[in-house]
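Peer 1: Spelled out from the first residue to the last, the chains are:
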Amino acid sequence: MNLPNLSLADFLPLLPTIIMVVGASILLLSEVFLSATASRAYQAVLTVVTAVAAGATALSLMFEPPQEVMLGFGVLDPFSSFLTFVVCVGLALATLSSVSFLRKRGAERGEFYALMLFASAGMSLLAMSNELITLFVNVEVLSIATYALTSYLRRGTRPSEAGFKYFILGAFSSAVLLYGAALLYGATGTTHLTAMAGPLASAIAKQPGLVYAGIILVGAGFAFKVAAVPFHMWTPDVYEGAPTPVTALMSAGVKAAAFAAMVRVFFMVGKGVDPQMLLGLFSVLAFLTMVAGNLLAIPQRNVKRMLAYSSIAHAGYLLVGVAALFVTGPGEQFRLLGASALTGGTPLDIARSEALRGILYYLLAYTFSAVGAFSIISVLERREDEEKGTAWDLERFSGLAQRKPGWAFAMAAFMLSLGGIPPTIGFMSKLLIFQAAVDAGLIGLTIVGVLSSAAGVYYYLRVVVYMFMRPVPEGAQTLERSWSTELALVVSTLGVVVLGIIPGPVMAWLEQASSIFGQ
Amino acid sequence: MSFFDTHLLNLVVFLPLVFAALVAMLPASENGQIRTVTLIAMVVDLVFGVWAYMAYVPGGPEFQLEYRARWFDLFGTSYHVGVDGLAVSLLLLTVFLGPLVVLASTTYIKFRIKEFHLALLVLQTTMLGALVSLDVLLFYIFFEAMLIPMYLLVGVWGAEDRQMAAVKFFLYTLAGSLLMLVAIIAVYFISAPVGARSFDYASIYNGLLSANQQLSACTTEGNCESLTGLAATLHTWGPWLFAAFAIAFAVKVPMWPLHTWLPDAHVQAPVAGSMILAGVTLKMGTFGFWRYAIPFFPVATQQARPFLATLAVIGIVYGALMCLAQRDIKKLIAYSSVSHLGYCMLGILAITAEGATGSAYQMLNHGVSTGALFLLFGFLYERRHSRLMADYGGIAKVMPVFTAAFVIITFSSIAVPGTNGFIGEFLVLLGTFKSDLGEAAGNAHLTAVFGAFATLGVILGAAYMLWMVQKVFFGGLTHRENQHLTDMNLREGLTVLPFIALVLVMGLQPQPFLDRLSPSTDRFLARARVGTPGAALEVDRLRVEVMSLPSPLVAAPSAPVPLAAAPAVPSPRQ
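Going line by line, the protein sequences match chains A and B.
Here the working numbering is used: the first residue of the first sequence is 1, the next is one more, and so on.
Here the working numbering is used: the first residue of the second sequence is 1001, the next is one more, and so on.
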């Protein structure tokens, strides 16, 4: 067997990942030499520094032209680089909010941060994967790290239950994904996504069943990972049971990476098969996910669980953007849900860029808003209430505006952003997604989207009602401040509010990032 | 144009926000300072607002005091502000109410003073921003952002059912306007080809204009063979797009049967919330019809006119009848808003010079008179903490000055000649009788029916207001608690005085106000008549002329959407 001859320059595109892995290794190794009582403050700092360095590297790589890397097993394109950036933002914010969370529980250990970094490295690689086996391996890298993180606080029933549930269903969905990939390999004889389009077209003529089964299984596997209805059942329990900073990372990073991989796989597959089929598939998924996610979130009194359902709903809006990728051109749109000739005069490549842009911006917006919201939850919850299940009750938010006006303002901003109310980044990102969808002719889906987001505003506003319009409950515990969580809150609030008003450099990055390899 | 002129509107809009930052830095316990700073902000804003009103030249170009800067290029939107006659008049109304709202709340609001004033200042910025926006997306952003501070005003400082009222208000308005967002996006796409797309008002209006004219020729003369792509699209989708815009604004107006949020929100809101809701936010609905819904879709408007006018007339009569049945004074004033805004809508839909002028004037009147009614009732409520008419009676004996003020405002509200209300309502009724609403509905005699019902509303209006005044203020003092009520103090008197002055000035000297409204009215009529049969069309007058993006920036290499290259946006005008 000949080993490939890789030069040092070939590893450059992997630099963000390498930085994260090196950081994780330092954390793991240094932990060995620490006594149980030693100060571990450096660990969070190191993680944040690593995340910032990786994010900055990813941003600089974004201006490289799209190219295959690592012998075609991966690609470097602005799309993946922007995604790595989003993951790093989520990682840095989640790390900041985990410092006091872990300290309060006496669980501050280097492994925690190392696992976060490994998971993020997996996410970054997943976004770059251009080959089905590599993709599967990266899915596992990120998943296994996340399973471990979910049950990191292993004393207590909830984390173990959540970890176990996540592991079983995650393993199952990985298996489904792998099976689908195997079928696609069987049909086409290649696992490289770029090489797949040609053989797919001929395979579909010969063995349509095989190809469709493969596509549907791969789609189902991804639908599990992004928590699309009807594959969402695990989400509320896992999100609720996991330590809150881990939930934050899951809702932002894991989802972002899974979406990126899904977009890449189906973008390539879409070249070989009839895009109408994919349009239909994703339209149905998007419809179900938006409606069910929002409706299921309405009755929740547990804010953490409510945010879990809301993350399902947000996956639905993102799926609208994914569906918009598969328009085939003016006049022949899929007619499901009332697509029509109202719009669609845009050339295909521009329309696709719009959709990609919408997805990426939405992921960034969701990262800021959701990680911020989970940070607030993490400072309000108390360890002793977790077993009772009241740790995340709406009552916890009563009168927050009088006790901690800054936190209440931040949480209100996150809630309004998640609800898509201007002037927040949440509105701008929804606008971009729906703009792409309308341009693709998916009017019906867009209307369902805006109406379900109006239903969503109801439960987001309820949190605001409790914070601003309810009195402070008797005997409320004093809330401890911690510099790291407050820093995370300040950064995410700035992200949510300022990016909603001032375009800033993000718009230029976004414009750059809307080109995907093979477009 | 000097630097000051180009930035005057920015100053008016964002001054309250800057002062809000200042208030946010004050310690929460310094109530006096917070009130003073807020009041100063509102007064300075009033000064600049009046300046803008004076700087608007009635005979000049349509949009004046324009300012435009690059903004979210990627979305096809720029920061573009400017005022026409109606917008500058409503802007004047908004800045006029600002300081009075602060004065009205000094004793009414007793807790969380800092947050209250922050909400007021932010609300002021969003309302002014919505009025001056010349970019549809910018307008939408302000239009929605307005909900947040208003929601807090109602929900935190309101009466007993405040939370329910606040959430209802928020969701009702939001659900309506989200559909408009979809329509705005759709209009953005159809109004121009790739590369020239923009959310700019001019770009969208001019982009739709020729298609609207073709479509109008099609519906009125049956010449439908040669419809081009866009006209055909408008033929199919125009009614739906118009409906999306119309529902969003009809909720805000509110038109019957979408008015149900209004009585709750008005009744529960604190006096400041009611004043602003009635005074300004409701006008956003009528303003939206005037500026966006009708000019964008004149043909669909023409089709929907009889229906909408019917709803407006139902609103007038229904609102009045509901008033007659109320025992709660605040609810009565709230329902009277439904009735009065019905006149505004009817005047707009009449598409006659009198109707449109009357409607625009009535928007201002309603802001003054209903704002003042809520203010005065707020004073009474602070003393007695009851909204029920039965708890009052004979108040005139203990509060003579207050009674005099209330009666004057009541006269304005029921359109007694000599007050501002008379001019507005008279013009609307005249415009309705002279309109072709009946022909549009299929029978020329129906015009008189619309007019007759609207006139009935005037009579009912006088009945319920005078009946309320009589029960509250005259007769014997039936309750012992009322014997020791004190009359208005100096602050309260000073707060009411500007309203009374404006009622009389606008009633006796309407011309300066009408002068600024009339160019807007002319253009609105011309644009609305694109959809009516046999209208003489002067394209040059119809087109929206605005400034283009600042030229050194247009050629910036990163510009994805070269706005200046848009054929729809004419060359820069100085």
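Please note that a few of the clues may not be correct.
Stated by the list, open to error - Computed cross-link-like contacts, DSS-like style, restricted to lysine-lysine with a CA-CA straight-line distance of at most 27 Å:
{"#": "1", "chain 1": "B", "residue 1": "Lys1110", "chain 2": "B", "residue 2": "Lys1434"}
{"#": "2", "chain 1": "A", "residue 1": "Lys104", "chain 2": "A", "residue 2": "Lys404"}
{"#": "3", "chain 1": "B", "residue 1": "Lys1397", "chain 2": "A", "residue 2": "Lys404"}
{"#": "4", "chain 1": "A", "residue 1": "Lys404", "chain 2": "A", "residue 2": "Lys388"}
{"#": "5", "chain 1": "B", "residue 1": "Lys1331", "chain 2": "B", "residue 2": "Lys1397"}
{"#": "6", "chain 1": "A", "residue 1": "Lys404", "chain 2": "B", "residue 2": "Lys1331"}
Claimed, not checked - Some chain A residues well away from chain B (every beta-carbon gap over 12 Å; in silico):
{"#": "7", "residue": "Asn5"}
{"#": "8", "residue": "Pro65"}
{"#": "9", "residue": "Ala148"}
{"#": "10", "residue": "Thr157"}
{"#": "11", "residue": "Val176"}
{"#": "12", "residue": "Tyr185"}
{"#": "13", "residue": "Gly270"}
{"#": "14", "residue": "Asp274"}
{"#": "15", "residue": "Pro275"}
{"#": "16", "residue": "Glu354"}
{"#": "17", "residue": "Gly419"}
{"#": "18", "residue": "Ser453"}
{"#": "19", "residue": "Val457"}
Just so you know, these hints were derived from the structure itself, not from any lab.
Just so you know, even glycine gets a beta-carbon here, dropped at the ideal spot from N, CA and C.
Peer 1: Each hint should be assessed against the structure and marked as holding or not.
Peer 2: Taking the hints in turn, this is what the structure says about them:
Between Lys1110(B) and Lys1434(B) the alpha-carbon distance is near 51 Å, which puts this suggested pair outside the 27 Å criterion. Among the hinted pairs, Lys104(A) with Lys404(A) is consistent with the structure: their alpha-carbon atoms are about 20 Å apart, no more than 27 Å. Among the hinted pairs, Lys1397(B) with Lys404(A) is inconsistent with the structure: their alpha-carbon atoms are about 48 Å apart, more than 27 Å. For a cut-off of 27 Å, the pair hint linking Lys404(A) to Lys388(A) stands: about 25 Å separates their Cα positions.
Between Lys1331(B) and Lys1397(B) the alpha-carbon distance is near 25 Å, which keeps this suggested pair within the 27 Å criterion. With a CA separation close to 36 Å, the supplied pair Lys404(A) and Lys1331(B) exceeds the 27 Å bound. With a least CB separation of 39 Å from chain B, Asn5(A) remains clear of the 12 Å interface cut-off, as annotated. For Pro65(A), the condition that its CB be more than 12 Å from all CB atoms of chain B holds, with the nearest at approximately 17 Å.
With a least CB separation of 39 Å from chain B, Ala148(A) remains clear of the 12 Å interface cut-off, as annotated. Separation of Thr157(A) from chain B is adequate, the least Cβ-Cβ distance of about 36 Å exceeding the 12 Å criterion. Its beta-carbon lying about 35 Å from the closest one in chain B, Val176(A) satisfies the requirement of being farther than 12 Å from that chain. Once the 12 Å rule is applied to beta carbons, Tyr185(A) is consistent with being away from chain B; the minimum gap is 39 Å.
Once the 12 Å rule is applied to beta carbons, Gly270(A) is consistent with being away from chain B; the minimum gap is 22 Å. Under the 12 Å C-beta cut-off, the non-interface status given to Asp274(A) relative to chain B holds; the minimum distance is some 25 Å. For Pro275(A), the condition that its CB be more than 12 Å from all CB atoms of chain B holds, with the nearest at approximately 20 Å. The Cβ of Glu354(A) sits about 9 Å from the closest Cβ of chain B, inside the 12 Å cut-off, so the non-interface label is violated.
Non-interface call for Gly419(A) relative to chain B: violated, since the shortest CB-CB distance, roughly 9 Å, does not exceed 12 Å. Some Cβ of chain B comes within 12 Å of the Cβ of Ser453(A); the nearest lies about 7 Å off, and the non-interface call is violated. Residue placement check: Val457(A) does not keep its beta carbon more than 12 Å from all beta carbons of chain B (closest about 6 Å).
When the structure is compared with the earlier hints, violations turn up for hints 1, 3, 6, 16, 17, 18 and 19 and for no others.
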